[in-house]
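Protein chains in written order, with this note's numbering: chain P, 114 to 712; chain S, 2 to 517.
In case anyone wonders, no lab produced these hints; they're calculated from the structure. Note that the structure is predicted; figures quoted are calculated from it, not measured. Mixed in with the good hints, there may be bad ones.
[Unchecked claim] Computed spacing ranges between beta-carbons, pair by pair:
id : chain 1 : residue 1 : chain 2 : residue 2 : range
1  : S       : Gly476    : P       : Ala403    : 54 to 60 Å
2  : P       : Asp197    : S       : Pro233    : 28 to 34 Å
3  : S       : Glu272    : P       : Gly351    : 34 to 40 Å
Positions of the beta carbon are idealized from the N, C-alpha and C atoms, including for glycine.
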Amino acid sequence: MARAHHGLLFALAWPLACNGTIGESSQPASGVAPSASSTGAHDTAPGQFACDESTIPPQASLRRLTMTQFENTIGSLAGWSLGDPAAGSAVVQSLADVLATLPEDHREPVPEDPHGSYRRLDQSLQQEHVEGFYAVGVAVGNALTMPDRIAKVVGSCSTDNDASNDGACLDGFIQRFGSRALRRAITADDVVFYRSIYGVSAVADPLAYADVIAVMLNTPEFLYFVEHGDEPVAGQAGVFRVSPTELASRLSYQFLQTMPDDTLWSTATSRALGEPDTYRREVDRVFADAASRTTIGEFVADWLKVDDLPAMDAHNQDLVFRAFAGADLPGSDLRQHMIDDVMSMVDFMVWSRHGSMDDLLTTGLSFHRSGDLARIYGLPAWDGTANPPAFGEGQRPGLLTRALFLASGSANTRPISKGVFVRRGVLCDDLPPPPPGVNAVPPELRSDMTTRQVVEELTEKAGTVCVACHKTMINPLGFATEGFDALGRFRTSQRLYDAQGNDTGSKPVDTTSVPRVLPDDPSESRTPRDLASLIVKSGKANVCLARNYFRFTFARWEDVTRDACTLEDMRQRLENGGAVVDMLKQAALSEAFARRAFE
Amino acid sequence: MATRIIDITRRRLLRGAAGFSLALPFLPSLAERTALGDPVYTRPRRLFWFATDHGGAFENNMFPDVATLTTRQEYLPGHTIGSGPLAGTPDGDRVVVSPILSGKATSLTPSMVGKMNVLRGLDCPFFILHNTGLHLGNYAANISTAGDGFEAQKSPRPTIDQLLAWSPSFYRDVSTIRQRSMIMSSGRELSSNWSDPSHRSGTIQNVRGIDSSRDLFNSIFVPADAGKPQRPPIVDRILESYKTLRDGNRRLSSSDKQRLSDHIDRLNELERRLNVKASCGNVMVPTDDAKSHQKIDATDAVTHWRLFCDVVVAAFLCGTSRIAVAGVGSTEKFVGFQGDWHPDVAHQWQLPDKQKLLSDSYQHFFEGVFLDAAHKLDIEEAPGVSYLDNTLMAWSQESCMATHSSISVPIVTMGSAGGYFKTGIYADYRNVVDSKARWDPGAGHTMWLGILYNQWLANVLLSMGLAPADFELWGHKGYGLPLVTRETYPPLLLQHYQGASSSYFQMASTPLPFLT
Chain P
114 MARAHHGLLF ALAWPLACNG TIGESSQPAS GVAPSASSTG AHDTAPGQFA
164 CDESTIPPQA SLRRLTMTQF ENTIGSLAGW SLGDPAAGSA VVQSLADVLA
214 TLPEDHREPV PEDPHGSYRR LDQSLQQEHV EGFYAVGVAV GNALTMPDRI
264 AKVVGSCSTD NDASNDGACL DGFIQRFGSR ALRRAITADD VVFYRSIYGV
314 SAVADPLAYA DVIAVMLNTP EFLYFVEHGD EPVAGQAGVF RVSPTELASR
364 LSYQFLQTMP DDTLWSTATS RALGEPDTYR REVDRVFADA ASRTTIGEFV
414 ADWLKVDDLP AMDAHNQDLV FRAFAGADLP GSDLRQHMID DVMSMVDFMV
464 WSRHGSMDDL LTTGLSFHRS GDLARIYGLP AWDGTANPPA FGEGQRPGLL
514 TRALFLASGS ANTRPISKGV FVRRGVLCDD LPPPPPGVNA VPPELRSDMT
564 TRQVVEELTE KAGTVCVACH KTMINPLGFA TEGFDALGRF RTSQRLYDAQ
614 GNDTGSKPVD TTSVPRVLPD DPSESRTPRD LASLIVKSGK ANVCLARNYF
664 RFTFARWEDV TRDACTLEDM RQRLENGGAV VDMLKQAALS EAFARRAFE
Chain S
2 MATRIIDITR RRLLRGAAGF SLALPFLPSL AERTALGDPV YTRPRRLFWF
52 ATDHGGAFEN NMFPDVATLT TRQEYLPGHT IGSGPLAGTP DGDRVVVSPI
102 LSGKATSLTP SMVGKMNVLR GLDCPFFILH NTGLHLGNYA ANISTAGDGF
152 EAQKSPRPTI DQLLAWSPSF YRDVSTIRQR SMIMSSGREL SSNWSDPSHR
202 SGTIQNVRGI DSSRDLFNSI FVPADAGKPQ RPPIVDRILE SYKTLRDGNR
252 RLSSSDKQRL SDHIDRLNEL ERRLNVKASC GNVMVPTDDA KSHQKIDATD
302 AVTHWRLFCD VVVAAFLCGT SRIAVAGVGS TEKFVGFQGD WHPDVAHQWQ
352 LPDKQKLLSD SYQHFFEGVF LDAAHKLDIE EAPGVSYLDN TLMAWSQESC
402 MATHSSISVP IVTMGSAGGY FKTGIYADYR NVVDSKARWD PGAGHTMWLG
452 ILYNQWLANV LLSMGLAPAD FELWGHKGYG LPLVTRETYP PLLLQHYQGA
502 SSSYFQMAST PLPFLT
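Model the full structure from these sequences, guided by the hints.
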């Protein structure tokens with residue numbers, strides 16, 4: 114679904130509750146100390162999270178692997194059992210049709226973000242999940258027991274026609290394969306259970322091995338993060354440290370999205386992972402793996418809701434859009450180029466530059482790689498290896514000036530959507546829902562109005578229920594980037610068209626606003642750089658990034674009181690220009706990462 | 002036990018097959034399941050629901066003329082309601098029930114008008130705002146982050162389609178049912194259920210829709226028997242692994258155990274589905290897919306939903322499912338609108354050019370999809386009774402004329418739900434004389450509050466064979482949520498509905514006047 118649509122679903126009009134108290138959270142936020150400049154009782158910025166070590170985190174719930182994690186684990190396990198990661202990938206490729214029957218992960222809507230949060234928060238269990246798991250398990254069982262594979266997976270004892278070793282062969286397989294599939298030690302009861310599935314075949318039976326594999330891949334231990342905990346945490350009733358093998362799984366899935374590798378697994382089974390130095394070394398090692406960048410990319414994509422960007426070429430037949438786009442009429446891949454541009458920016462700034470959140474909001478470097486975006490930006494494309502090209506001073510500072518956040522897929526910009534995204538996604542302020550009875554006063558729209566003027570007429574009209582929120586919380590943040598058109602091109606004036614796409618003139622755009630990044634701040638913003646400066650100065654973006662990464666890490670919404678210690682730990686990493694990459698890693702080093710509340 | 006086999010001839014099937022994208026051969030397996038002479042047999046009722054976004058259509062575009070309301074009766078003291086026969090007015094080669102409810106005379110025939118109902122004056126008594134949950138009764142499915150909608154989010158419940166899907170009162174025999182419900186979606190979360198549906202426990206979660214008509218087809222029609230399996234089934238062994246963990250003595254949270262129970266319930270359903278008897282094995286696999294028709298184009302929009310509807314009709318005829326929900330979503334594609342529908346059209350519903358777009362989009366949906374599906378179902382199932390007659394087709398909208406508001410949400414139906422509902426009726430439940438019920442939403446329009454949408458939902462469940470005890474919750478009659486706003490700005494919902502124990506709520510499980 115398109116971002117603009119999402120935004121506008123709740124953004125067209127904002128009601129009575131916007132009385133200047135910006136930052137009011139929908140959940141109690143007493144753990145957040147209000148800033149000196151804030152009048153809001155629940156203001157989150159530039160506040161610190163008030164850590165109280167005695168607070169007990171919310172009870173955990175059995176997490177299911179995301180579909181990305183499930184597919185990765187199938188590949189890793191197949192590769193491990195075949196002794197060749199590439200062979201594991203081949204198995205996954207051969208199962209493409211059956212894997213496609215599994216539901217895709219959704220950015221789960223939650224009460225705090227009804228427009229979709231993180232794929233990791235998608236913990237619903239659909240019938241299609243269970244049926245897909247079953248089908249995949251059966252298919253993997255069959256694939257790994259094919260004649261050319263079974264000896265590698267089970268051992269040569271499975272094909273040596275020597276019945277005398279078949280029992281030991283089966284037991285060994287259950288122990289070896291089972292411990293990696295179930296991510297825990299195999300017990301005597303387990304052996305009995307899987308032997309019973311294998312049955313009483315007189316000879317080594319590939320079909321029976323296939324059944325054993327299929328069942329293992331459908332067990333709760335394979336599909337979920339089954340955790341029983343280890344030692345109780347002193348002073349926190351119902352809270353336990355997770356066991357080394359459970360911690361290994363947490364760490365591996367946090368950054369690699371798959372089962373622990375041999376090194377991590379051996380430190381877990383030896384319990385060495387429970388030692389702080391060993392754990393820190395493993396965190397460093399896992400975090401340095403290239404797969405971590407991919408995982409963080411998933412976080413960034415969800416945080417920035419990049420998949421909400423509408424198709425750029427959907428309106429190519431529309432006369433107005435054609436006239437508006439001119440020589441930049443989009444191809445079908447422009448949308449992806451816009452996404453790649455921002456994803457590359459974050460990847461480069463985080464991993465190569467060890468940049469801060471402030472850097473993301475202000476950098477003048479550009480990371481577009483395609484000719485279409487090069488034309489839109491008026492800057493040659495980056496080759497991906499040399500230093501990225503730079504925009505002129507102040508021309509396009511930071512994330513919010515890139516096409517991904519400007520383009521609408523139509524001829525008109527969407528100041529409301531832009532404003533809503535900044536308010537919620539970058540500043541973590543809540544917005545009240547739109548009220549009933551909007552549009553009681555019909556708008557008086559004229560064809561010679563700029564987009565800003567139309568929005569002001571629709572939502573800032575005196576006497577309407579819309580004006581309170583739109584005028585203070587939403588529109589000003591969107592107006593700040595009206596110096597870019599709906600394809601992301603720089604402009605100082607807006608060209609106007611009639612319904613047939615005829616040019617009817619132009620009017621200057623107005624980018625001046627009072628964005629109220631902090632509720633009482635009357636500072637005016639005239640340019641995108643001004644807005645970025647106000648956001649950086651407020652410290653709210655750091656708080657907001659920490660909150661968002663918490664959601665991704667723990668696959669749940671934060672409780673700013675009970676999770677305050679972890680949140681504050683993460684926020685502090687970003688303070689004073691701290692590197693984002695350090696915060697990303699810090700989450701796995703927090704106390705909460707190694708604990709679980711059972712009550 | 003002697004059973005009478007219904008004579009479903011090829012001629013009858015072909016009659017329904019005009020414009021049909023699937024070929025259904027003669028189906029003895031189908032006939033066996035529809036044994037009319039059996040005294041135990043009750044007509045198998047079906048539900049086919051369509052939900053569209055926004056609303057915004059002027060009431061005089063949506064509803065028939067109030068002058069056709071010829072019968073009046075008291076609903077509650079001081080609240081008089083009206084009804085009248087639905088009638089189509091010829092207009093050239095077209096027939097008009099209302100500007101939106103119109104179609105070609107060859108399609109919107111007197112017979113079809115006679116199988117239709119139009120309901121007016123069904124209200125949500127609080128400010129639910131943008132939502133996907135009102136349609137089918139999970140009012141918690143809204144996007145509010147404060148106010149009434151946020152309050153409603155604290156009380157989620159299954160939607161009525163899912164309540165039916167897992168109710169033994171509705172599905173007395175599931176031996177042929179491949180899909181308890183078919184959810185078709187354009188990204189809208191319309192359907193909700195417990196995470197453990199059999200035990201009505203766990204959390205309320207969205208039931209995902211499918212966006213491919215071909216995938217829907219494949220999920221319903223059982224491929225030919227692959228032969229006797231070489232090994233014993235393993236689902237029961239997987240089940241065992243879950244039960245062992247859940248019921249063991251290792252440390253787990255209560256939430257963990259619930260999640261394991263949820264999975265166990267799904268495995269039980271998998272086991273059931275694996276044992277469903279093959280039905281309609283000769284249905285031709287469709288060559289086209291709704292997924293391939295998503296352009297912003299009126300013809301493509303109709304094609305998209307017709308492909309889905311064809312699968313639903315085939316499933317109904319073959320007895321492999323009896324519930325379908327179509328999350329049609331926003332309707333701009335039905336007029337090929339290229340701009341931003343939500344702000345530029347839906348929220349400018351008062352402006353004449355925007356109103357025309359809204360009304361045209363709904364008219365095209367009605368004629369191209371809803372009416373078309375009704376025709377495809379209107380083939381004989383038993384002497385004098387069609388599949389449509391045994392079905393309740395319903396079309397609901399997210400909001401009323403004034404977008405963001407959900408009073409007098411229009412409901413259009415086809416079919417009588419196996420004779421439960423009288424049809425051919427325009428029912429108007431508004432109280433048009435009480436000033437407390439009046440609301441002027443702007444632009445010179447006047448609306449009136451009526452009765453609870455909860456009562457409509459309860460009536461749907463009653464029509465499908467459920468008793469009030471099967472669906473009443475929280476000591477509340479009807480279906481939905483016992484919540485009345487405390488807000489005092491117009492429309493004056495609190496003054497009209499008075500509270501969740503008022504007479505309106507007490508009436509919410511009773512049959513709707515005029516229809517039964």
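Hint check:
Hint check: glycine 476 of chain S to alanine 403 of chain P, Cβ distance near 58 Å, so the stated range 54 to 60 Å holds. In this structure, aspartate 197 of chain P and proline 233 of chain S meet the distance hint of 28 to 34 Å, their C-beta atoms being roughly 32 Å apart. Against the hinted window of 34 to 40 Å, the Cβ-Cβ separation of glutamate 272 of chain S and glycine 351 of chain P comes to about 35 Å, which satisfies the hint.
Violation of the numbered hints given earlier is absent; every hint is satisfied by the structure.
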